[in-house]
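Construct the entire structure; sequences and hints are all you get.
Listed below are the residues making up each chain.
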Amino acid sequence: MMDKPFAITLDVGSSLANKTGAWRTKRPQYVDRLPPCNHACPAGENIQGWLFHAESGDYEAAWRVLTEDNPLPAIMGRVCYHPCATKCNRGELDEAVGINSVERFLGDEAIRRGWKLTPPKAESGKKVLVVGAGPSGLSAAYQLRRLGHEVTIMEAGPFAGGMMRFGIPKYRLPRDVLDAEVQRILDLGVKLELNAKVERIEETMKARGFDAAFLAVGAHIGKRAYIPAGEAARILDAVSVLRDMEGEAKPMLGRRVVVYGGGNTALDVARTAKRLGATDAIIVYRRTREKMPAHESELQEALEEGVLIKWLSTIKSVSGEATLTVEKMKLDEKGFPQPTGETETLEADSLVLALGQDVDLGLLEGVAGLEIKDGVVQVGPNMMTGRAGLFAGGDMVPSERTVTVGVGHGKKAARHIDAWLRGAAYAALPKHEVASFDKLNTWYYADAPKTVRPQLELARRTSTFDEVVQGLDETTALFEARRCLSCGNCFECDNCYGVCPDNAVIKLGPGKRFEFNLDYCKGCGVCETECPCGAIKMVPEET
Amino acid sequence: MLKQTEGSHAVAEAIALSRPQVICAYPITPQTHIVEGLGEMVKDGSLKDCEYINVESEFAAMSVAIGASAAGVRAYTATSSQGLLFMAEAVYNASGLGLPIVMTVGNRAIGAPINIWNDHSDSMSVRDAGWIQLYAETNQEALDLHIQAFRIAEELACPVMVCMDGFILTHAYERVDVPTQEEVDAFLPPYVPRQILDPADPVSMGALVGPEAFTEVRYLSHHKQLRALDFIPEVARDFTRAFGRDSGGLIRTYRTEDADTIVVALGSVNGTIQEVVDEMRERGRKIGSVSICSFRPFPLAVLREALRHARRVVVLEKCLAVGLGGIVSDGVRKSLSGIHLNGYTVIAGLGGRAITRASLTKLFEEAERDELDQVTFLDLNTDIVSHELERERGQRRTGPTAEAILRRIGTVASGIG
Amino acid sequence: MEQTIKYYQTGTFTVGNRLLAEDQRTVQADMHRTNSLNSGHRACQGCGEALGARYAIDAAMRATGNKLICVNATGCLEVFSTPYPETSWQVPWIHSLFGNAAAVASGIAAAQRALGREDVRVIAQGGDGGTTDIGFGCLSGMFERNDDVLYICYDNEAYMNTGVQRSSATPPAARTATTPAVGPVPGNVFGTGKNVPLIAMAHRIPYVATASVSNLRDLEAKVTHAMSIRGARYIHIFVPCPLGWGSASEETILIARLAVESGLFPLFEAHHGKVTARGRIRRQVPVTEYLKRQKRFAHLFGNVPDLARIAQLQQMADQNIVDFRLTEDDPPPAPSQGRGNDVSLPLGGGPGRGST
Amino acid sequence: MFQIRIHGRGGQGVVSGAEMLSVAAFLEGRHAQAFPSFGSERMGAPVMAFCRIDDRVIRLREPVLEPDALIVQDCTLLHQVDLFSGLRTGGFVLLNSSRTLGELGLESLVRGDQHYRVACLPATELALKHVGRAVPNAALLAGFAAATGMLKIESVVAAIRDKFPAKIAEKNVAAALEAHALAARAQEAALA
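From first to last, the protein sequence lines are chains D, B, C and E.
Our numbering numbers the first residue of the first sequence as 11 and each following residue consecutively.
Our numbering numbers the first residue of the second sequence as 950 and each following residue consecutively.
Our numbering numbers the first residue of the third sequence as 18 and each following residue consecutively.
Our numbering numbers the first residue of the fourth sequence as 10 and each following residue consecutively.
If you're looking for bench data, these hints aren't it; they were derived computationally from the structure.
Any given hint might turn out to be false.
[To be verified] Simulated pairs of lysine-lysine, DSS-like, Cα-Cα distance not exceeding 25 Å:
| hint | chain 1 | residue 1 | chain 2 | residue 2 |
| --- | --- | --- | --- | --- |
| 1 | B | Lys992 | E | Lys180 |
| 2 | D | Lys14 | C | Lys84 |
| 3 | D | Lys216 | D | Lys201 |
| 4 | D | Lys260 | D | Lys180 |
| 5 | D | Lys233 | D | Lys301 |
| 6 | D | Lys14 | B | Lys1173 |
| 7 | D | Lys449 | D | Lys522 |
| 8 | C | Lys309 | C | Lys211 |
| 9 | D | Lys338 | D | Lys441 |
| 10 | E | Lys172 | B | Lys992 |
| 11 | C | Lys309 | D | Lys449 |
| 12 | E | Lys176 | B | Lys952 |
| 13 | E | Lys161 | B | Lys952 |
| 14 | D | Lys216 | D | Lys233 |
| 15 | D | Lys126 | D | Lys137 |
| 16 | C | Lys312 | D | Lys36 |
| 17 | D | Lys137 | D | Lys180 |
| 18 | C | Lys312 | C | Lys211 |
| 19 | B | Lys952 | E | Lys138 |
| 20 | D | Lys301 | D | Lys326 |
[Claimed, not checked] Here are the computed distance ranges between Cβ atoms for each label pair:
| hint | chain 1 | residue 1 | chain 2 | residue 2 | range |
| --- | --- | --- | --- | --- | --- |
| 21 | B | Ser995 | C | Arg299 | 36 to 46 Å |
| 22 | C | Asn83 | D | Lys14 | 15 to 25 Å |
| 23 | D | Lys441 | C | Asn83 | 41 to 51 Å |
| 24 | C | Pro322 | B | Gly1060 | 45 to 55 Å |
| 25 | C | Asn83 | D | Glu70 | 34 to 44 Å |
[As the list claims (entries may be wrong)] To be clear about the criterion: a stretch of chain E counts as covered by chain B if any three or more of its residues have a C-beta under 8 Å from a C-beta of chain B, and this derived list gives those stretches:
| hint | segment |
| --- | --- |
| 26 | 56-69 |
| 27 | 141-149 |
Glycine included, C-beta positions come from ideal geometry on N, C-alpha and C.
Right under this line is the structure:
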């Protein structure tokens, strides 16, 4: 110990006695904000949550978080139109994160490695009927089973999958993938009865002693439009064409096929026709490309495959063997198509109508208290119909008709059914404010373009039903996952810990995040400005 | 070992014998030969474990010494005149931080007018910088004082300035007794710093000190110098014991017992004064002299004791407090407070003006007759001064005084002095 | 020195990154870092200098295994870190004078040689006043002798400690207490700032670098690299001063980033007088983005914007971008060993100023 | 106390001459003090140096104002500087010249009532001969030793060896020895 000259030479670190926290007028707080991807997901997936695990290469953990909300990642990774990506903040930076492709990678990985879903902890002793083995039904069955209920799915068709099987062509969703994910749900102990059409729901429930039922029969009846036509004219509807694709006898469409409509189904049929050997597959749509409900990516692929589209056209009549009269339309100022009187003729071996689908509500006849509107069943915010204990979801209720929405309905309904069975009401947790782009400091993220999913060369694609879009391999999936900005939630980047001029941030260690040391924090706010993901918020000191 | 050598070289040898670890060198006449000599010793390996740094200014010289000393090694530098003023800020800092640096000042005047010759204006200008100031009377004493200086500095954690008259001592060849390394090692232990910058035991040196503690810090540095009043003679006694000769201490008296007139002076001029004292004593005059070695701390008590019985004191100083008169005289007067005797201040030897026996004899005889003014400028050329004053009265734009005077006295005064 | 996009993406430029291997992580991400400049110091809210100093010295502490001695010139850093009776330093530290930090450091380095303790390294640090003005002589002397000292200048472009007076590092047009925003030509009208990094390079010392508190990993890497080299080294760190610049305390790093991304403060490294690496601008911005966030430039954006002087500042930035090839991808030529006279210095340019 | 003043020009070794003189005296066990006339003079300018020799400690620090002896290294100074100022009666003067007093027109110095004792020595020639450069001081010291008998030639030689590096020293020693012989002979002649 040296004898230090008074006042001139001081012992180190003694300024800890000076609590500069007293200078503060604002204080920083750690917050969690809702990532826009999670916010946008119809299936309510905790996307950022499972990406977090994927980033560190723990794919099983990622898959387990993912399947909390969605038992069908391999399917969703193929057929979802990923609204998550549309809302992804990264889109404003370079390109949205390929969430959907990582999801598919996880789904495929799970199948490849044979990961099993977590079985229920305890049996509830309640019996629930699920009508329809489509995405919504499967999702509901899965969630209900995990909550310990005894679940039976009654499916009218010969296979499980519903529209995933009868509406989506193989080249978009290989059937082995579908089968694998369905089987995994059944492995949890869900009973599946095929070719078991429910004629009268209430009778079935009473007869078999179900405590509740979830209806998800989908919409399988192709809409017809009145078109004057000769006897010889070959006119089919899209749903049947696609359904027949699953059977032995493939539909006979001829060399020149005209499809009428502008939805995804219309595109599926046209692309299917191409694969069945049609030289011409022409879509006739009464509005413009901008107005087309079909998904852009599918339209793009269809065009690449040589599908032709006549915009602003309606079919007036079908004369003789195969001559269609098409009338040109024009949009009025409201954007509605109006006839112009101009017509032209079009040669076609067959005309396929893809004008949307209706729901078969037969099983609901005589059920009291139901409200049916526009051909679909009305449900409350808890997915319950007018009849207590009878819930419904998917295409048969008012909503966008996608697999993802279906899965979301299934999950939501399951939670409410579970609550209802316990005589309670399910209340979802209050949502955090959304982590919008302006909350981020994106300088800290490396600029990295999205990994483009390799595609099969067009030639092979149009001649076979091989899957068009290929998946990511592990490295690219990892790369993609790591493009996530972790919007609104701390990812332990240590920025606050590093940038504080007063060392007023305490690092608690991996997974434990951080804590502010208010003894020394002067409230400068640098940590808030420099937090990349917007997980810090300055709030005024209470006076 | 006895040697006939130059003052600067004798000092260089003394420094080398004191085993310095860092030496900072920046040239300025007349101290240059000292650092040149040391540079040679470091280069030829005779001075080992020593870093010799050629710096870019006196300010840097003292700063490097500060860093070295704070890092726990024995640091030395030398300067003169303008150089001392240029490092003045660092001079204060070294003492403020309590760093035992030893510095030689080869005393020299300060310009303008620029003048390279000897007087005490330089060291006097930093007399209150918190350094101990020792003035050497001979080259032997200069040599001895440096060895003592390190011991004093390191014991008290206070820097020491050893002042020796430029040219008169630094350039004079005379006999000196140079001690052996063993003798010096026995007298001067290795440097054990009181505070040190050491990663193993970190401290912060040089804190900002506010009104709440600054007075106390200053009091402590004053107190440190008061302790030096006891310690300096102690070291001098040890030195005498070890080396068998008297050197240093606070003051030295010469034939002051029963003296009516006592002359007080600093540095080499004491030799000439003693010659004059002897002559006058032979003529029965009661005169003596006192040589002040330690000017800081100022030895009030011992000086009072040496002077109290005299009738008059003549303070002969090689510096001028412009607008006041003497600098040393002030201290002497303070030492005599309450004692009534006639005090005279004589300003002599400014800018290298030779101080001769003749002038001193005349001066002291006038003093004995109490015919001196309060302040006397020895050998002042009154013709020149009055002429210059006349000229100034005459015109508004007078031009530089120094040049005017040189024009009047002609350039070469036969080179003497 | 440039940060190429590594495989760890999430937060590639953040202080820490959980995706990195332990040994790749930064000093500042370490739970057990030194905090060589401890809490409780009296720097203003959002002080860039306090941040830069802790970063630099912590990095040096790791690089030297805590065998480090620091010298501090008079200035904000010294005053806010060591007011009696408290010091914030955890390293052996000395403050001597305003203008002699480099010389004191030379003395300490010499002492270590004399003691045979060359494992103990020395850093001198000062603000732009203590470096580019009053301490310049000692700095140049230390460079010329190639003493084993790393000198770090924390540049906030004025004398902040004494109340924001102009220094020779003050950029054109900036308002300071001695170049007030009044009269026909408000703000600083004296030159374009003394470019000490380039002057340091002219001494052909082993290493010169510029850094910014906006690029903290880069800053840390440069200090670490500097400590791996013997001899005189110089790092010039850009540290915004909310008080002196009239900027928001939370924007300290943001403003530093804009200085870099606009080209006004080029990041580069030089070995033996030759530029060997420079920081690519990732997202280029016009200088106005940087200027308008600071009250010291407010007079440029009055009712009648001072387009001429804004253009002058933009020109300086553009000159830097050209001189240091700040927007080019290709790496600059490898460092030349030895100290040949073929060394090519960029004309003008340099931290915060240009060759106008 | 014996006081010597050496006159010469910058670069002629005036100061080292005085120093060697002091060393020689020191070697004979006497006290000596040598110092230059402190100035900023450069090459060629008139300069002086002083030397005091005594048997007791020399305390006096004033310049030599009343020399007992003068050594004039350059006779051209005769007409430029008041060389003889203060030289005491009977004082000794050694001139560096190959000419005689008569040739130099300095008989008056000897005949005058000051009774100066004046000698000439061709020191520069000797220096050129032995050292190869016009550095007359070693030769002059030897001449001074011989002429005044104040110092033994051995002491002068030792002082020369003390001052110069070996090679140059020996050359100067050679010059000194010849000068000493010359001066000794002249002395005898004078006495005869």
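Here's how the hints hold up against the structure:
| no. | hint | result |
| --- | --- | --- |
| 1 | B:Lys992 <-> E:Lys180 | 28 Å, violated |
| 2 | D:Lys14 <-> C:Lys84 | 21 Å, holds |
| 3 | D:Lys216 <-> D:Lys201 | 18 Å, holds |
| 4 | D:Lys260 <-> D:Lys180 | 13 Å, holds |
| 5 | D:Lys233 <-> D:Lys301 | 20 Å, holds |
| 6 | D:Lys14 <-> B:Lys1173 | 14 Å, holds |
| 7 | D:Lys449 <-> D:Lys522 | 23 Å, holds |
| 8 | C:Lys309 <-> C:Lys211 | 23 Å, holds |
| 9 | D:Lys338 <-> D:Lys441 | 49 Å, violated |
| 10 | E:Lys172 <-> B:Lys992 | 20 Å, holds |
| 11 | C:Lys309 <-> D:Lys449 | 21 Å, holds |
| 12 | E:Lys176 <-> B:Lys952 | 23 Å, holds |
| 13 | E:Lys161 <-> B:Lys952 | 19 Å, holds |
| 14 | D:Lys216 <-> D:Lys233 | 33 Å, violated |
| 15 | D:Lys126 <-> D:Lys137 | 23 Å, holds |
| 16 | C:Lys312 <-> D:Lys36 | 22 Å, holds |
| 17 | D:Lys137 <-> D:Lys180 | 34 Å, violated |
| 18 | C:Lys312 <-> C:Lys211 | 23 Å, holds |
| 19 | B:Lys952 <-> E:Lys138 | 32 Å, violated |
| 20 | D:Lys301 <-> D:Lys326 | 21 Å, holds |
| 21 | B:Ser995 <-> C:Arg299: 36 to 46 Å | 60 Å, violated |
| 22 | C:Asn83 <-> D:Lys14: 15 to 25 Å | 21 Å, holds |
| 23 | D:Lys441 <-> C:Asn83: 41 to 51 Å | 49 Å, holds |
| 24 | C:Pro322 <-> B:Gly1060: 45 to 55 Å | 53 Å, holds |
| 25 | C:Asn83 <-> D:Glu70: 34 to 44 Å | 42 Å, holds |
| 26 | 56-69 | holds (count 5) |
| 27 | 141-149 | violated (count 0) |
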